[in-house]
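Trainee: Listed here are the chains, written in short residue letters.
There are 2 protein chains.
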Amino acid sequence: MSAGIDALKEALPTGAWTQDPDLIDPHLREWRDKYFGKTPILVTPRTTEEVATAVKICAAHKLPIMPQGGNTGLVGGNTPQDEVLISLKKMTAIRDLNTTANAMTVEAGATLQSVLDAADEANRKFPLTLSSQGSCTVGGVLSTNAGGNHVLKYGTTKELVFGVEAVLADGSIFNGLTSLRKDNTGYDLSRLFLGAEGTLGIITAASLKLFPKPGYVQRALIGLESAAMAVSLLEAFRAGGKLAMFEVMPEIGYRAVVDNFDGIRDPFANSHPWYLLCDWEVETEEEGQSIAENVIGKAFENNQVRDAIIALNETQAADILSIREHMSAGQKFLGGSVKHDITVPIDQIATFFKRADAAMQNVVPGCRPVGFGHFGDGNIHYNIAQPEGSDREAFLKNWDALSQPVFDIVDTLGGSISAEHGIGIMKREDLAERASPVKMKLLRAIKSALDPDRIMNPRVMV
Amino acid sequence: MSAGIDALKEALPTGAWTQDPDLIDPHLREWRDKYFGKTPILVTPRTTEEVATAVKICAAHKLPIMPQGGNTGLVGGNTPQDEVLISLKKMTAIRDLNTTANAMTVEAGATLQSVLDAADEANRKFPLTLSSQGSCTVGGVLSTNAGGNHVLKYGTTKELVFGVEAVLADGSIFNGLTSLRKDNTGYDLSRLFLGAEGTLGIITAASLKLFPKPGYVQRALIGLESAAMAVSLLEAFRAGGKLAMFEVMPEIGYRAVVDNFDGIRDPFANSHPWYLLCDWEVETEEEGQSIAENVIGKAFENNQVRDAIIALNETQAADILSIREHMSAGQKFLGGSVKHDITVPIDQIATFFKRADAAMQNVVPGCRPVGFGHFGDGNIHYNIAQPEGSDREAFLKNWDALSQPVFDIVDTLGGSISAEHGIGIMKREDLAERASPVKMKLLRAIKSALDPDRIMNPRVMV
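Top line first, the protein sequences correspond to chains D and X.
If you're matching positions, the first sequence starts at 32 in the numbering used here and goes up one per residue.
If you're matching positions, the second sequence starts at 32 in the numbering used here and goes up one per residue.
Only chain D is shown next, with the shape it has when bound in the complex (with noise of 0.2 Å):
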């Protein structure tokens, strides 16, 4: 190994790379301190060619390379061991802004809000955002093919690019950067690398898809009887695609986040089981407090909701926001939560969370189920909070014999094991095992095609 690392010092120029364990140890770290890591050296590109030059080295010594973008990652897809670590933070530029095209050429280590504001100085949307849009990178969240609060409108981060840069495990650089929306060259190449948790290549800069602004925002908060009937209000809610959000909480999760954090305060006078936070973009206020008016007014009307609050003004719907931003971090007031990020198909809500709530009782009696999230993307973040008063490293011990029931729950109805977090590490087994045979063969196949000699992030997804 050390004659590879050798040759990156050499060839890189100086301030490209160290082996400086106090600046090595910020990406070693996960944020939840539930991964720690350790690397040779840690490379720091300025330019693609800074990249392409150190993956060719690396290939020539079949040294294993992991690339990392913010190091916001949840599934252990981001902490090396002993991989040579390339972090992609000095490529931050964004190329180019095309308000004709309604595109943008973005560098990889461009956080996700420094598009956002770009995006937004150019009165152009992009439709992405997340609670560590502040650190994640361009690289990262296409990598993880990372979701959020508007995939019901615009899509997962794969719907918002139309090509990328990658440098290749030879440390060739594939140029799939364009602003045509149409190209039918071949297969879509661009494509593979998203979501492709750096096992592919190293994506370098990417074109955005930028979108016409809304005029305004509406929002509205719900108070309902079940889940089943948060689903059961998606279909009018769309309002003819003008629905952009459509977050679902349950009243335990929704209650830790109001009784404890100071300045979030419950704007209803009761508790409900459940609530719903939508948003509808539109032209006009008129027009917002019209939709929302209308389409809640039907569901009190059909016994569908319990209590609405309809956002009057900008801090209202600030606040309404806040509760389900905080939702993660409010589970703490819980204890300690073994957590699933998954999908079932839309009608399946209902019955998912009746067979899951029942096997979750089965492994661990008194254990709370949070299910929260993304319902009308059928995405659940479903997560099982300790029994009240346990010991909290006693209930994490069953991480894998809650999670199990869980997945065989998604994969009878027809659902993902993964909907926005990726593989990584944390569930590279589960998907081997879960997966068919064929498509097993086919990433595999895919995979030996593009990184025969697995240098690629090895030890992550396939």
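Be careful, since some hints might not be right.
Copies of the same chain look alike in the list, so a pair counts if it works inside one copy or between any two.
[Claimed, not checked] Below, computed lysine-lysine pairings styled on DSSO-like, alpha-carbon distance capped at 27 Å: (1) K240 x K470; (2) K470 x K189; (3) K93 x K40; (4) K470 x K87; (5) K329 x K156; (6) K385 x K189.
Calculated directly from the structure, the hints in this document are not laboratory data.
Because the structure is a prediction, the values reported are computed rather than measured.
Chain D is fixed; fit chain X onto it per the hints.
Mentor: For chain X alone, kept in the frame of chain D given last:
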């Protein structure tokens, strides 16, 4: 070869294959009579399993296969030259239609029209319309990533697909059917088959995305001074994402239609150098009229338009669309045509015309460019009609001499030499010569990984 053919005849049920020349003949003729083929056997499976059986036998005997849908392709990818011809035309079932998930699972041989009808009956929209929709099939439009008039709002076919079922080159069945909007468990395998022109496997079924039906479609036809003027209107005409069609026609092509077809008349009193046809998808007729009057009124104030007709009823709207739909057919009145289907970045459309029109005159003085189509996507059907009074056959011998300068200009401007028709036989050499070596290496690596013996449509694309 004959042992393999015998094995096919033995393994498949009666009625699932034929060697009768009369029955095979229509499958060998391209509708424009540009290609004519031959095949040792026509296989017409009724089930995915029968497709798999046929492919397994072909794989064992290394017999090349060509899959065929509605036989409406435009680049020679559907005309066999001794390949085993597998027609999907008997697999027409709509397996499932789910309005909660807004998803529909349909077999590859179903016509696009039958999909449009089924969606319509369920009060949904499937937003792909093509002039060949009565005969083209789901498998064909997915394999060629067909475009059409609604790409501007809904994207190409690729964007309208959740996943596919496909028979791979070894006869195994990949099941990617799903209605999940979020699934981060590995590379986007279904996507690989979209636009692959049958070179990686045979699509046997697909789950398609459905959309809410617009309440009202407002149409307008506008007379313009130049193609550049059309592009200058795009931004204002988008109207917050409501613009669903933005089609442009030059005077020569427009006149060929309105002056020659019975039942089609020019709604304008005067002729204009260019014409723009647009649709807005809105809630109500009132909203449609208001948007059209507003954006067109502002364009008049800015001297961007010469004349305009806002459709006031369905008949008027249908009459206007009919002109656009006859653009291809209308060209026969101009004599022989050399045809190109290209994309350039939207803000390069005017530059493209300036350079390409001049280049064409250099090759064949007096030739008449007819560049029309989906300018909102940067997609121009840049067809070159013979000089008036010249010899048709002599002119058509200039096909390659006219095409190469067009492709050169497209490459310089960062465009695509195939926007929506694909590569097929026709542009295979152009792709190999014009794509970057890294792109060709990737295309070939994927082809080899999934079809190592090159039995899947081996003369096509890559």
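Trainee: Does each hint fit the structure? Answer for all of them.
Mentor: Results of checking the hints against the structure:
1. K240 x K470: Answer is between; shortest inter-copy Cα gap is 22 Å, intra-copy 30 Å.
2. K470 x K189: both (20 Å within a copy, 20 Å between copies)
3. K93 x K40: Within one copy only: 16 Å inside, 50 Å across.
4. K470 x K87: So K470 and K87 pass the 27 Å test across copies only (18 Å; inside, 30 Å).
5. K329 x K156: between (31 Å within a copy, 24 Å between copies)
6. K385 x K189: Neither, since 32 Å and 35 Å both go past 27 Å.
In summary, the one numbered hint that this structure violates is 6.
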